[in-house]
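Asks: For the record, the sequence lines run as chains S and X.
The opening position of the first sequence corresponds to residue 54 in this note's numbering, with each subsequent residue numbered one higher.
The opening position of the second sequence corresponds to residue 16 in this note's numbering, with each subsequent residue numbered one higher.
Hints were generated in silico from the structure; no laboratory data involved.
Only a predicted model underlies this, so the values are computations on that prediction, with no experimental measurement involved.
Keep in mind that the hints are not guaranteed to be accurate.
Unchecked claim - Over 10 Å on every C-beta distance to chain X, these chain S residues come out as not near it, computed from the model: (1) 69; (2) 75; (3) 97; (4) 113; (5) 117; (6) 124.
Said to hold, decoys possible - Below, simulated BS3-like cross-link-like pairs (lysine-lysine); rule was C-alpha separation at most 25 Å, straight line: (7) 56/X x 56/S; (8) 67/X x 82/X; (9) 34/X x 91/S; (10) 34/X x 56/S; (11) 165/S x 55/X; (12) 67/X x 91/S; (13) 59/X x 91/S; (14) 51/X x 56/S; (15) 56/S x 55/X; (16) 165/S x 86/X; (17) 67/X x 162/S; (18) 24/X x 56/X; (19) 51/X x 162/S; (20) 165/S x 67/X; (21) 56/S x 91/S; (22) 59/X x 34/X; (23) 123/S x 69/S; (24) 86/X x 162/S; (25) 91/S x 55/X; (26) 37/X x 165/S; (27) 24/X x 37/X; (28) 86/X x 55/X; (29) 59/X x 37/X; (30) 91/S x 69/S; (31) 67/X x 34/X; (32) 24/X x 91/S; (33) 165/S x 34/X; (34) 82/X x 162/S; (35) 165/S x 24/X; (36) 51/X x 91/S; (37) 56/X x 86/X.
Stated by the list, open to error - Label-pair restraints from in silico Cβ distances: (38) 84/S x 41/X: 45 to 55 Å; (39) 115/S x 92/X: 18 to 28 Å; (40) 80/X x 110/S: 24 to 34 Å.
Even glycine gets a Cβ: it sits at the ideal position worked out from N, Cα and C.
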Amino acid sequence: AQKVTQAQTEISVVEKEDVTLDCVYETRDTTYYLFWYKQPPSGELVFLIRRNSFDEQNEISGRYSWNFQKSTSSFNFTITASQVVDSAVYFCALSEASQGGSEKLVFGKGTKLTVNP
Amino acid sequence: DTAVSQTPKYLVTQMGNDKSIKCEQNLGHDTMYWYKQDSKKFLKIMFSYNNKELIINETVPNRFSPKSPDKAHLNLHINSLELGDSAVYFCASSPFGAGFQETQYFGPGTRLLVL
Numbered sequence: 054a055q056k057v058t059q060a061q062t063e064i065s066v067v068e069k070e071d072v073t074l075d076c077v078y079e080t081r082d083t084t085y086y087l088f089w090y091k092q093p094p095s096g097e098l099v100f101l102i103r104r105n106s107f108d109e110q111n112e113i114s115g116r117y118s119w120n121f122q123k124s125t126s127s128f129n130f131t132i133t134a135s136q137v138v139d140s141a142v143y144f145c146a147l148s149e150a151s152q153g154g155s156e157k158l159v160f161g162k163g164t165k166l167t168v169n170p
Numbered sequence: 016d017t018a019v020s021q022t023p024k025y026l027v028t029q030m031g032n033d034k035s036i037k038c039e040q041n042l043g044h045d046t047m048y049w050y051k052q053d054s055k056k057f058l059k060i061m062f063s064y065n066n067k068e069l070i071i072n073e074t075v076p077n078r079f080s081p082k083s084p085d086k087a088h089l090n091l092h093i094n095s096l097e098l099g100d101s102a103v104y105f106c107a108s109s110p111f112g113a114g115f116q117e118t119q120y121f122g123p124g125t126r127l128l129v130l
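Chain S extracted, bound-state conformation:
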């Protein structure tokens, strides 16, 4: 069965610090997709990134960057120069194909990030 582990339950940093959120996954599929979502205190789930298993290039989007390493089954997320608005719960997820072509997301338990001023 597919599994996503986010070992860090809570992280607290001071503004402007860099912070890395870890994500380790398990799957027997050779083709799979990984995602990160952000859930701010207001509660909605905001899509951040989707990465397929054949693309191991790191991705940078502003202060956000992602490091995908198939060899260690990890898809880590780094926020550079963190800001108070980055405070949220961050979820890593793995997409699992199912019959009929529909997919389901298997989520990690989330990492709660608090950025203090």
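Take the given structure of chain S and dock chain X to it, following the hints.
Replies: Below, chain X without anything else, positioned relative to chain S:
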């Protein structure tokens, strides 16, 4: 012009009641989902529909019945509500994946509290 919308946003009700949550998406997506987020923030899929057809039905009590009148709507009806049903229910939608595992976009969530 909200992409995925849910109503109501909050729902407080008594045990034993029947309630419905509605979801609509205006993204033209083929697939819609229901996820449940428990008090520990754990997110788990409940159902998915592709073009009005039920595709995924996880081990959910049969008190929960999804209905998709058309591909833009997926409603969730819950009978005989129990305390353990208290959670946040998220609707999501995605283009038809056909193996490409497209991104799922989530609604704002419905916070259900059963007293």
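Asks: None of the hints should be skipped; say for each whether it holds.
Replies: Right, here's what the structure says about each hint:
1. The beta carbon of residue 69/S is kept farther than 10 Å from every beta carbon of chain X, the shortest such distance being approximately 27 Å.
2. The beta carbon of residue 75/S sits about 17 Å from the closest Cβ of chain X, which is more than 10 Å, so the claim that it is off the interface holds.
3. For residue 97/S, the non-interface assignment is contradicted: its Cβ lies about 5 Å from the closest Cβ of chain X, within the 10 Å cut-off.
4. Taking the minimum C-beta to C-beta distance to chain X, about 19 Å, the non-interface status of residue 113/S holds against the 10 Å cut.
5. Distance to chain X confirms residue 117/S as a non-interface residue, since its nearest Cβ pair spans about 16 Å, more than 10 Å.
6. Its beta-carbon lying about 21 Å from the closest one in chain X, residue 124/S satisfies the requirement of being farther than 10 Å from that chain.
7. Distance hint between residue 56/X and residue 56/S is fulfilled; the C-alpha atoms sit about 16 Å from each other, no more than 25 Å.
8. Restraint check for residue 67/X and residue 82/X: satisfied, since their Cα atoms lie roughly 8 Å apart, inside the 25 Å limit.
9. Between residue 34/X and residue 91/S the CA atoms are separated by roughly 29 Å; this puts the pair beyond 25 Å, and the hint is violated.
10. Our distance criterion of 25 Å between C-alpha atoms is broken by residue 34/X and residue 56/S, whose separation comes to about 32 Å.
11. Distance restraint check for residue 165/S and residue 55/X: the Cα-Cα separation of roughly 11 Å lies within the 25 Å cut-off, and the hinted pair is therefore satisfied.
12. With a C-alpha separation of about 29 Å, the suggested pairing of residue 67/X with residue 91/S is violated against the 25 Å cut-off.
13. Restraint check for residue 59/X and residue 91/S: the C-alpha separation of about 16 Å stays at or below 25 Å, so the hint holds.
14. The hinted pair formed by residue 51/X and residue 56/S meets the criterion: a straight-line CA distance of about 17 Å does not exceed 25 Å.
15. Restraint check: the Cα-Cα separation between residue 56/S and residue 55/X comes to about 17 Å, which is no more than 25 Å; the hinted pair holds.
16. A C-alpha spacing of about 34 Å is found between residue 165/S and residue 86/X, which places the hinted pair above 25 Å, so the restraint is violated.
17. Restraint check for residue 67/X and residue 162/S: not satisfied, since their Cα atoms lie roughly 30 Å apart, outside the 25 Å limit.
18. Restraint check: the Cα-Cα separation between residue 24/X and residue 56/X comes to about 17 Å, which is no more than 25 Å; the hinted pair holds.
19. Taking the CA atoms of residue 51/X and residue 162/S, the gap is about 13 Å. The hint holds against a cut of 25 Å.
20. Proximity of residue 165/S to residue 67/X is assessed by CA-CA distance (about 36 Å); at most 25 Å being required, the pair is judged violated.
21. For the given pair, residue 56/S sits about 19 Å from residue 91/S by alpha-carbon distance, which is consistent with the 25 Å threshold.
22. Under the criterion of a C-alpha separation no larger than 25 Å, the hint pairing residue 59/X with residue 34/X is consistent with the structure, at around 20 Å.
23. With a CA separation close to 30 Å, the supplied pair residue 123/S and residue 69/S exceeds the 25 Å bound.
24. With a CA separation close to 30 Å, the supplied pair residue 86/X and residue 162/S exceeds the 25 Å bound.
25. Simply put, residue 91/S and residue 55/X have alpha-carbon atoms about 16 Å apart, close enough for the 25 Å limit, and the pair holds.
26. Between residue 37/X and residue 165/S the alpha-carbon distance is near 29 Å, which puts this suggested pair outside the 25 Å criterion.
27. A distance of roughly 10 Å separates the Cα atoms of residue 24/X and residue 37/X; the hinted pair therefore holds under the 25 Å criterion.
28. For the hint pairing residue 86/X with residue 55/X, the CA-to-CA distance comes to about 31 Å; that exceeds 25 Å, so the pair is violated.
29. Between residue 59/X and residue 37/X the alpha-carbon distance is near 18 Å, which keeps this suggested pair within the 25 Å criterion.
30. Only pairs whose Cα atoms come within 25 Å are accepted, and residue 91/S paired with residue 69/S is accepted, the gap being roughly 19 Å.
31. Only pairs whose Cα atoms come within 25 Å are accepted, and residue 67/X paired with residue 34/X is accepted, the gap being roughly 21 Å.
32. Restraint check: the Cα-Cα separation between residue 24/X and residue 91/S comes to about 19 Å, which is no more than 25 Å; the hinted pair holds.
33. Proximity of residue 165/S to residue 34/X is assessed by CA-CA distance (about 31 Å); at most 25 Å being required, the pair is judged violated.
34. A distance of roughly 28 Å separates the Cα atoms of residue 82/X and residue 162/S; the hinted pair therefore is violated under the 25 Å criterion.
35. Of the supplied pair hints, the one linking residue 165/S and residue 24/X holds, its CA atoms being roughly 23 Å apart against a limit of 25 Å.
36. Annotation: proposed proximity of residue 51/X to residue 91/S holds, straight-line Cα distance about 16 Å (limit 25 Å).
37. Distance check on the hinted pair: residue 56/X and residue 86/X sit about 28 Å apart at the alpha-carbon level, beyond 25 Å; violated.
38. In this structure the hint that residue 84/S and residue 41/X lie 45 to 55 Å apart at CB is violated, the actual value being about 30 Å.
39. At about 42 Å, the beta-carbon gap between residue 115/S and residue 92/X misses the expected band of 18 to 28 Å.
40. Range check, residue 80/X to residue 110/S: Cβ separation about 44 Å, and the 24 to 34 Å hint is violated.
The structure shown violates the earlier hints numbered 3, 9, 10, 12, 16, 17, 20, 23, 24, 26, 28, 33, 34, 37, 38, 39 and 40.
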